[in-house]
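> The lines below spell out each chain.
Number of protein chains: 2
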Amino acid sequence: LMESWSFLDTVESNFRPLVVIELAKGTKEETIEWFTKRIVDKKANGGAQLLIKPLVTENGVENIYLVGASHLRLLLGAETVGLVKECSDNSMRTFTYSSRKTFKDFADDNHNFLTMAECQYIIKHELENLRAKNEKMIPGYPQAKLYPGKSIVRRLLTSGILVQIFPLHDSEELKKLRHSWYGRVKVGYQPLDDIRCYFGETIALYFGFLEYFTFALIPMAVIGIPYYVFAWEDYDKYVMFATFNLLWSTVILEVWKRICSILTYRWGTLLMKRQFEEPRPGFHGVLGINPVTGREEPVYSSFKRQLRIYLVSLPFVCLCLYFSLYVMMIYFDLEQWALDYHKENESNFSSLMLYVPSIIYAVVIEIMNRIYRYAAEFLTSWENHRLESSYQNHLILKVLVFNFLNCFASLFYIAFVLFDMKLLRQSLATLLITSQILNQFAESLLPYWLQKRYNRRMKKQMCSQKTGRDLSLAEQVHMEKEMGTYLGTFDDYLELFLQFGYVSLFSCVYPLAAVFAVLNNITEIYSDALKMCRVYKRPFAEPTANIGVWQLAFETMSVISVVTNCILIGMSPQVDALFPDSKMDLVLTVALVEHLLLAIKFIMAFVIPDKPRDIQMKLAKLEFESLEALKQQVRAFQMQL
Amino acid sequence: LMESWSFLDTVESNFRPLVVIELAKGTKEETIEWFTKRIVDKKANGGAQLLIKPLVTENGVENIYLVGASHLRLLLGAETVGLVKECSDNSMRTFTYSSRKTFKDFADDNHNFLTMAECQYIIKHELENLRAKNEKMIPGYPQAKLYPGKSIVRRLLTSGILVQIFPLHDSEELKKLRHSWYGRVKVGYQPLDDIRCYFGETIALYFGFLEYFTFALIPMAVIGIPYYVFAWEDYDKYVMFATFNLLWSTVILEVWKRICSILTYRWGTLLMKRQFEEPRPGFHGVLGINPVTGREEPVYSSFKRQLRIYLVSLPFVCLCLYFSLYVMMIYFDLEQWALDYHKENESNFSSLMLYVPSIIYAVVIEIMNRIYRYAAEFLTSWENHRLESSYQNHLILKVLVFNFLNCFASLFYIAFVLFDMKLLRQSLATLLITSQILNQFAESLLPYWLQKRYNRRMKKQMCSQKTGRDLSLAEQVHMEKEMGTYLGTFDDYLELFLQFGYVSLFSCVYPLAAVFAVLNNITEIYSDALKMCRVYKRPFAEPTANIGVWQLAFETMSVISVVTNCILIGMSPQVDALFPDSKMDLVLTVALVEHLLLAIKFIMAFVIPDKPRDIQMKLAKLEFESLEALKQQVRAFQMQL
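Line by line, the protein sequences give chains A and B.
Under the UniProt record's numbering, the first residue of the first sequence is numbered 1, with each subsequent residue one higher.
Under the UniProt record's numbering, the first residue of the second sequence is numbered 1, with each subsequent residue one higher.
For reference, chain A alone in the conformation it holds in the complex (with noise of 0.2 Å):
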């Protein structure tokens, strides 16, 4: 039989490299034989059953490795990790390799079925999930402990002995996608099925948010020149405006978990079952017995955790969110300093000065966000959580709290402390600005000028210039092992959810910060795409069916600003002149507005359906199809007794 497993590991015609695999300098002879063995040895003896070459170079060989599938291992692999693709009748359905003819586009010979990121999942999981057996340690590692069950990739990455693996870039498809994606000046869709055909779900998923988001944020925009260009300062215009806002950015919220379930239904993960969660690579603790799976393995602790959690990690949050406060009160020190400054020079200079407090505050804010990030990173490492998603969450609770207080409590303090709402306008702006032009910056422009310089002395280096395919592999390899990492989507959503805070808490006040966030979100879906396909490592893919906790942090700060925004508009002095007799009138009037708006917002995300009826209707088909084969099963099972 062509497709028995046992002949599997001897086709080694068109090996196509897919995943580079990097050990440590000077990695022991035994150590590589073993793992390699391990790789293409066959699944009933514990192994991955995949393809590993060596890389040579004119060097020798480095350490550096090619790993690759057969076509059929790819097929069963798609199924081990439950890919869902799309059938001949247009319903999208678990791939199974049983199954295999009625999906569309199958044919055996038909190589792109499982796209490249797709199949360097598969083997990204597939090596993941290679095990150890009877292994006590890593061989001439003594100090590298193993015990049945525990991932050996895991283990390698923690000792040291295995220092990257990462997916390797397609330069073909890499340039169609930067042509359709970025590389010609035009209006009009991001190409997002191309690019979760190339980067996986999560990165096709942030960039349609980030798309989303920006046309959300247009007709906010655009009602905001207005107030701009005439100076409207009446409180209905305000009113009116702010109203809009508030009922607008839950609309969108709602909206965007139906265009988000019309994505993943159409890529398939929306389907796609939840994979049992494995330790995360740095967990460490004592052997002991997990209670769920029974398998030996280390446990630790959930006291230990909670004393670190409470006593260590919370009292530093704390303190980190003291000293941003004692910041911000330097800031207006500063503030008040530019402004004496100006009062006694009355220049063009001076004026100008007034500016210089809120942009060096902008600064410090961004460095100060960016060194809590590494501190939040290390404590919740440190916290040793078992679990990705309970590491994550920890992470990002404490960076969202940290950043929100970070950026938006001067503008709290001026608006609620100090009634001032031209500084308010002043100061929203400038941190807007600054702190969009700072980003891009950081975030895009430099990586990509370093990588840009690298990549020209690394091609001085190697002198190069021959047209051999094995040599330029060698080449893409050894430049791409350089690139940076990309550390996923936390950042760019973080900068989102900073800008909906701008644009949103203090809406009424500031109307042209959507125009701002517009214009930023433009410039940065093209720095963006650049940074994914020229500055970083290509990630691996990441099957995800939603934005996650972005969604419900999103939301509370849709909450948080309509409450903001009512206060605004009750302290306007035009809305204060409608109430001459009574502040009492004014206060109620105000608190009932706001009470009455919230729940609008509580009854609308009700109310509007989280998928759309057709998606609703093909899910409850495929319900009913699952439903109806296991009582056919049952029923068959019933006749033959």
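Please note that the accuracy of each hint is not assured.
In this list, chains with the same sequence are indistinguishable; a pair is considered to hold if it fits within one copy or across any two.
To be verified - Below, simulated SDA-like cross-link-like pairs (lysine to any residue); rule was C-alpha separation at most 20 Å, straight line:
(1) K611 <-> F303
(2) K618 <-> S301
(3) K621 <-> P148
(4) K273 <-> E625
(5) K273 <-> A620
(6) K237 <-> I218
(7) K273 <-> L622
(8) K621 <-> S99
(9) K621 <-> A375
(10) K101 <-> F378
In case anyone wonders, no lab produced these hints; they're calculated from the structure.
For this one, chain A is given, so just place chain B on it according to the hints.
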């Protein structure tokens, strides 16, 4: 083989009647013959493969049939409906016939492995899933159309041929249950597990909630008593009481979720897979293709339904709300009149007269609630919802909105328009106590008394004091078929919901409300138990994993009560006196406190896990096992290749 399906229908030894089918008088012979044949027919022929026997009485055959099933049939049915039972290793698993030996208490001759309620649920499920094959109509009734896949029982019910299907009581078991439930005067928990075994999960969960809720109200009641005894009127004590209440109500609702998951895990329903929802019996439409199932069945345009909802139901509900407000204004006129009368006469009688308007109004509210309930049911059924769940949601929404306004509008009016705290306290007390007395009377005592009278008459008529087994069965069937039908837990939950409103919305004005609620609930447990055991027909068990939409309703109420209590405290003269200079500060403080309380509530709801840690672990373990099994299956399949 003893276990063959074909053998089943011939084994009629120890036939145990479980379910009663009553056909209309004068039903045609051919219909009866066809229907009973379908019930006993083999699965392979599209039958239900159950056992059926006509009930023979002295008056001859009466179109009443007893349905039972063999032990094996019931076990196979348990697999079909997806029952979850306890295994020998104390874990909960979905029952399958092939793995039957691994379950606790299973033995081939142990006929008590499935509870009677489970057996009756299985029979109901099998009867409802008896579907038309190629019949175009019910034999003998050309107007009762059938199409392939239509549930025969539902068609028989809607065309009036089938009068009712109900499960039989088990006098022995019922006697035991009654004794341990309410037979002896004792302080202690209800026998929830026994209730679940006898009446099923939905009803047991209601009693569980009722008991939990009563216990949860005790702290409020205990704290509330001294306020009454010592006539505390200090604002700080009220503030403390209200704050405690608000946070407490969040805690109890969150903790209920945990307790609910503990109960339903033990009962197996937490793990039960949702069954595919069939159209509800009353649904009608023109034959078309259902896009989900692909089957030919009646479809009804969603657009037409929306028209009915928005053009008829919505205006009708608004009209009812308006009418309710109108009645409220009449009540205030009456109140004024009584006050004037009391001022004129100043007699004992006139001071008693002061309470009369409130009592009349309370009675009118109850009557309006009940009439509206029928109207809402009629309208929702006329809206022609396809699924029972959609029907229930629309009905509950209609009823909740009206009942909320009808019960609380006058209190809101007194509190926030008249600012009359004394009247508020008096109205609240009268409404709460009157509605509780009325409810207890209307729900249990009246039907119990009617039932008792009927039973006595019945026994006399039958004049049969013989002890023959069959006759006593016939007597039992005749008695039970005339009993009222229990219409589900809706009204019981609604009563608790309104009570929760009385207790929490204005808790800082009338701390004694919790005391009355506790007293009422203690008698409510007894009267509801009486109602279930003596007044109504035994209801079919209905598996459920939670209290559904009521959780949301209670949570919404507790959010609204934060707002009302904050306003009430802000309005109290004592708090007023604290801010002598500026009303402004008062209002701002109240608003701040309110927002803080709401924030704390949401954070608490977010932080408290919905399931206790050990349940989470057990669920994770099951998920892990099923994923492992799937992986094994894939691996085994891959090995074969």
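> Confirm or reject each hint.
Cross-check of the supplied hints:
With identical chains, the CA atoms of K611 and F303 are at most 20 Å apart between copies only, with a shortest distance of 19 Å across copies and 40 Å within one. Taking identical chains as interchangeable, the C-alpha atoms of K618 and S301 lie at most 20 Å apart only when they sit on different chains, with a minimum of 18 Å there against 44 Å within one chain. Within a single copy, K621 and P148 get their C-alpha atoms only as close as 42 Å, which misses the 20 Å cut-off; across copies the closest is 19 Å, which meets it. Within a single copy, K273 and E625 get their C-alpha atoms as close as 16 Å, and across copies as close as 14 Å, so both meet the 20 Å cut-off.
When the C-alpha separation of K273 and A620 is checked against a cutoff of 20 Å, the pair qualifies both within a copy, at 16 Å, and between copies, at 14 Å. Only within a single protomer do K237 and I218 lie at most 20 Å apart by alpha-carbon distance; the minimum there is 18 Å, versus 52 Å between protomers. In this assembly of identical chains, the alpha carbons of K273 and L622 lie at most 20 Å apart whether taken from the same copy (13 Å) or from different copies (15 Å). In this assembly of identical chains, the alpha carbons of K621 and S99 lie at most 20 Å apart only when taken from the same copy (19 Å versus 30 Å across copies).
In this assembly of identical chains, K621 and A375 lie within 20 Å of each other by CA distance neither inside one copy nor across copies; the values are 48 Å within and 34 Å between. In this assembly of identical chains, the alpha carbons of K101 and F378 never lie at most 20 Å apart, being 49 Å within a copy and 51 Å across copies at closest.
When held up to the earlier numbered hints, the structure conflicts with 9, 10 and fits the remainder.
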